[in-house]
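Could you put the whole structure together from the sequences, leaning on the hints where they help?
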Amino acid sequence: MRLLIVMMLVVVSAANAQVTVVKGFQKRLVAVNGFGTTALGAKLTEVVANDVRLSGYLGLAKAEGAEFVQQGNVRTDGSVECYVTHVVTKKMFLSKAYPGNPDLRRLAHTISDEIVNAITGQRGIAQTKIAFILKRGRDKELAVMDYDGANPHQLTTADRLCAHPRWSPDGTRIIYTSYWQVFPDVLEVNLFSRQRRVIARFPGLNTGAEYSPDGLWIALTLSKDGNPELYTMGVDGSGLRRLTNTRGAESSPTWSPDGRQIAFVSDERGSPQIYVMSRDGGELERLTVSPSYNTEPSWSHPPAGSDMKPMLALTSRVGGKFQVGIYDSGTREVIAKAADGDDNEDPSWSPNGRMLVFAKTRNWRSRFYLLDVVTGEQLELPAFEGGASEPSWGP
Amino acid sequence: MKSKVLTRTMILALVATLSLVGCKKKPLQPTGPTGSGSGNTATPPPITGSDISSGITIAGPGERPLVKPSDLEKRGEFTPVYFDYDSAKIKPSEMPKITTVSEALKGNSKKLVIEGYCDERGTAEYNRALGERRAQAALAELKRFGIDASRLSTISFGKDHPLEQGHDDTAWSRNRRCEFVTLDK
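Each protein sequence line maps, in turn, to chains R and Z. Per the working numbering, the first sequence starts with residue 522, numbered consecutively. Per the working numbering, the second sequence starts with residue -6, numbered consecutively.
If you are wondering where the hints come from, they were derived from the structure by calculation, not from laboratory data. Quick reminder that beta carbons are idealized off the backbone N, C-alpha and C, glycines included. Fair warning: there could be bad hints in the mix.
Said to hold, decoys possible - Pairs of lysine to any residue residues, derived as SDA-like cross-links and limited to a Cα-Cα distance of at most 20 angstroms, are as follows: (1) K152(Z) x R888(R); (2) K152(Z) x G658(R); (3) K617(R) x T631(R); (4) K842(R) x A164(Z); (5) K842(R) x K152(Z).
Claimed, not checked - Here are some chain Z residues the structure puts well away from chain R; computed CB gaps all over 10 angstroms: (6) E70; (7) T72; (8) K82; (9) A97; (10) D141; (11) D177.
This is the structure we're talking about:
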């Protein structure tokens, strides 16, 4: 069935490319009937329905509008059954029993990802986590939460000021900027040993670090040799290498999916714009030309078999407002994705490459939203008192 | 170079850590603290506490002077130098302030921290770089006045820690600044 749809789209695409892109990625509507009326079943239903709402690939529907119907129940031994059926063909897309788990949210997220995969063949996001910066009065500390905003957990309590968290590709570590010893250093926290180590503490600015896709390297901004420039170094602290040498400032490096290129911000020709260069250094290639302010590039790394292509998200400034957009390498233009009069910034990609999490500020209060880059839909996450910023989506 | 780095490996702040290490990992909540699967709740979810070690291993490269937070509390000795929007250029009208700072550093061996700040109208990391360029512009002028660079260090706070909390031109122009703090040692 899915193959058929794809083939139809290829045929149509010759006639009208724009329509097919939208059509091809339409949400698949699911009626979530849930897991019965017990307290346990109701909780599972609630979380799974919310996962479907936030999934990008799927949407919630009533029975009459749905393409698929989900049904399930909790057995007396605590294990959970889940079925997904195609309404028209009656074909069963998912039929599985899951062992009971006292962590109901985790169990629900596991089931949700299997529903997404059974229907679309794509990887879901329900079991992922997001690191972010939590505002605590004058201080800012590092925190993590589930992708849906549940289970927020503050990792640091006395760093004074933290910024720019980024996950190691294996999800075991987070690298971030910390003013723990007054100056901005780059630190790495191991989420399992719960130990931290300093990655870079040169004179001046140490910030903006991001792991390479193989997890062995870090690109970052240092100002030890003058104005802020880009460098790479091994995660073990060896092999420091300077990449740029400009009159302006370079910041926010982000690796290409193959690890061979690094996109970043430079203002060497006036206003900040996105550039790209080889990880080995060499020439800077300018990507964006307008609008006049483009920052915070984030390169998506969709997994093998994904229906998404690698994309470069960024934050533009237009009419005094931040908006999240995508750089289109074909037209060399920025396509606005979240441009609604609020300040939308700090975009970070879901590991499946379809969703962005970003910080939206309205009336000087900020909260996180998910953005489905295919449909343009924005999905609100729970807010944090005092504010939160710089979300970074984990693998 | 690598071996030099490794021999410098050390652990700081052990005293504060010992009671915290590895004993407070929180069990996962079976029902979840939001109490709702809906993402639309306006109630902020409760945040569980920190349980990572505060002892930090310094294994990476780089070194700079150790400065305690309390060292930077003595503020207001000098007038901040203000900047134009998105600019790290020291305006001629601000130069006398730099002269004053350089005079205060002559005939002694005091060290000086130069802090660079931005207004809120830029994104976080770009502003962090801009704040550093502002601090470095002030540092370059002080060097020109004969102050040895080894006495000077820079910190960029980007758009964090604004002087004024407002969201208008007056607040923004006061927040685009460099502050100067001498260290008593």
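Outcome of the hint check:
no.: 1; hint: K152(Z) x R888(R); in the structure: holds (18 angstroms)
no.: 2; hint: K152(Z) x G658(R); in the structure: holds (15 angstroms)
no.: 3; hint: K617(R) x T631(R); in the structure: holds (12 angstroms)
no.: 4; hint: K842(R) x A164(Z); in the structure: holds (18 angstroms)
no.: 5; hint: K842(R) x K152(Z); in the structure: holds (16 angstroms)
no.: 6; hint: E70; in the structure: holds (18 angstroms)
no.: 7; hint: T72; in the structure: holds (22 angstroms)
no.: 8; hint: K82; in the structure: holds (12 angstroms)
no.: 9; hint: A97; in the structure: holds (21 angstroms)
no.: 10; hint: D141; in the structure: holds (14 angstroms)
no.: 11; hint: D177; in the structure: holds (15 angstroms)
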